[in-house]
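Asker: Next come the chains, spelled out residue by residue.
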Amino acid sequence: MKAESHHKPAAHPHGWQQDDSAIIPRERSLMIAWWIAIVAAVIFIIGAAVLKPVPYSEIIVFIGDGLVTTFQITIVSMTFALILGLIAGLGRTATNSFFNILASLYVEVIRGIPLLAQLFWIYYAMSRFIRLGPQVSAVLGLTICYGAYIGETFRGGIQSIPKGQMEAARALGLTRGQAMRHVIIPQAVRVILPPVGNEFIAMLKDSSLVSVLAISDMLRRGREYASRTFAYFETYTLVALVYLLVTLIFSRVVYYIEHGMSREDKDKPVTLMHRLAGVVVDLVVLDFIGLIVYALIQPLALVVAEMPVYTVLLIVMLVVGLIYLLFFWTRIGRTPGMMAVGLRLYTVQAEHPSLAQALKRLWFLILPLPGLSLLWMLWSPTGEALHDRFARTRVGRD
Amino acid sequence: MSTTPIVQIRNLHKRFGRVHALNDVSLDVEAGEVIVIIGPSGSGKSTLLRCVNRLEVPTSGTISIDGVEIRGDERQINQMRAEVGMVFQQFNLFPHMTATENIVLGPMTVHKWERDRAVTLAHQLLDKVGIPEKADVYPEQLSGGQQQRVAIARSLAMQPKIMLFDEPTSALDPEMIKEVLDVMLDLARDGMTMMVVSHEMGFARNAAKRIVFMDQGQIIEMTTPELLYTAPQHERTKRFLSQILH
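If you read the protein sequences in the order shown, they are chains A and B.
Mapping of the first sequence onto numbering that gives the first Met the number 0: residues 0 to 397, in sequence order.
Mapping of the second sequence onto numbering that gives the first Met the number 0: residues 0 to 245, in sequence order.
Hints in this document: simulated from the structure, not taken from any laboratory.
Since this is a predicted model, take the numbers as computed values, not measurements.
Watch out, some of these pointers could steer you wrong.
[As the list claims (entries may be wrong)] Taking lysine-lysine and the BS3-like style, the derived pairs with C-alpha atoms no more than 27 Å apart in a straight line are:
| no. | chain 1 | residue 1 | chain 2 | residue 2 |
| --- | --- | --- | --- | --- |
| 1 | B | K127 | B | K111 |
| 2 | A | K162 | B | K111 |
| 3 | B | K160 | A | K162 |
| 4 | B | K160 | B | K208 |
| 5 | B | K160 | B | K127 |
| 6 | B | K177 | B | K127 |
[What the hints assert, rightly or not] Have a look at the derived ranges for each label pair, beta carbon to beta carbon:
| no. | chain 1 | residue 1 | chain 2 | residue 2 | range |
| --- | --- | --- | --- | --- | --- |
| 7 | B | R17 | A | R130 | 52 to 60 Å |
| 8 | A | P161 | B | R17 | 23 to 31 Å |
| 9 | A | I112 | B | S63 | 54 to 62 Å |
| 10 | A | V108 | B | D27 | 55 to 63 Å |
Using N, Cα and C, we set each Cβ at its ideal position, and we do this for glycine too.
With these hints in hand, go ahead and build the complete structure from the sequences.
Answerer: Here it is as structure tokens:
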């Protein structure tokens, strides 16, 4: 025993292990803090709703509609912001100086103006020329603002890939497009995805600013409830906690995305949290798809009278979800969500599973349901469609 | 016996702004020949190599590969590159792919091979470069020497007629240089046409038929390795050799 303890300090004379151990507790304390925060938030919300249902569960139902709107605004704006960001990012990396200056100008101007001022400008100031509805203004404002930030993220991601990668790919005889697809973009995505996830969270929080445009997002719904009942403390506490809860969940997902990307973590065991994080990413992706499906189904409802839009939407999204899952599973063995958090179901060298095998393996994974916001939209205590609920619960100034 | 040279470089010039990186370089490489290029840094030896597979576009002059003059046409260039393998100083393996995936990418995307066929070839090539056990390992987990051997296998997977080596051992720790040079020696013995920028004297002596000394964008001297190392003709060659040989 004595000899052993004597040997120990000599094994690491430079104390590098101490540095190492200093990093791990910090990460662990973050993890513990996360668990404390999320458990406390959940306990408070559920406890309050159960023990004192009169304001609390009423508030939850009331602001629940607002959360849907918050999600919808965020998802729609994020879709456009990603497109705009890609254009801006490519413009910023372009060799053509006209596009480069144009993209740089956009980024510089937009980053220099607060989002709230942009929203006011688009909604009120621009009404002199063109009158935009509050929803359009909100989406436009968030898109333009976040497009600039995401554009910078894209630029950084593409430029972070060493020049030698493109050269090596081209030297093999790949075309520029093939090299981009197989070599540059897969690497750039690893760099880009975590900051884009963070932008998504930031946008989710910043979307509360659109409440100034008379959009019934979660914050505004809270304000409506509070101004009617004067339960300011209860309402805003719950609003804050729900924001916190949602943000905590997504920030954890981003954490797993960041860490799943690094190779060393590949050997670590896959935990339930990993899987859940993957499922959340898949849900968000399906949310984006659901949005397009929804936009396609709506005009159909105008043609086909008495069409149960939401039932059709649910069925279509379930089918889309299943196809989505099976498609990625049979082709590359992972869904995008699993890819994002660095999960693999089988090694590359193994046989690709057949459709039947993939179906069988579905048992092991929670089937990603249609997008979160779409579920929310369908869920209603009274069975009413969301926009009807809005109409009914809007509070006057009395 | 003498056929047309597989690489024909004629009056090649390359300018980077004001720098004249290649100044009227002409060089023929016979099929199956190993040619080593040496010279001080900035002498244009890497540029010459990069012009051959057109990673750099020459300012003027012509390069013919296998009797076909390479012009600006994208498709022709891609076709040529598929036949001219290149190994880089910094390996440039694709870090998001395993060794096998690195090797099969070329044949599968350029030659549209089936995956099974490409993987079989990849395993053969990993065997050839002496690391069959590293097939499913990511570059990060490989030593420099192993990475460079995977990079050589990746180039060989395209079944090139010519291999270009741009300082393949310069970024390696001394104890790993030999394992890479051994692979290159094997290739040379198999009759691969090779253009090698390297200051490894042992390799030049053992494998190269000719050695080229370049300085300031020009070919100063071209002879056999034995003659160059023992009896250099030009003052600049002597000065350079005295520096690298100590």
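Asker: It remains to establish, for every hint, whether it holds in the given structure.
Answerer: Verification of the hints:
no. : hint                        : verdict
1   : B:K127 to B:K111            : 23 Å, holds
2   : A:K162 to B:K111            : 25 Å, holds
3   : B:K160 to A:K162            : 25 Å, holds
4   : B:K160 to B:K208            : 18 Å, holds
5   : B:K160 to B:K127            : 17 Å, holds
6   : B:K177 to B:K127            : 15 Å, holds
7   : B:R17 to A:R130: 52 to 60 Å : 58 Å, holds
8   : A:P161 to B:R17: 23 to 31 Å : 26 Å, holds
9   : A:I112 to B:S63: 54 to 62 Å : 58 Å, holds
10  : A:V108 to B:D27: 55 to 63 Å : 58 Å, holds
The structure is consistent with each of the numbered hints, conforming to all of them.
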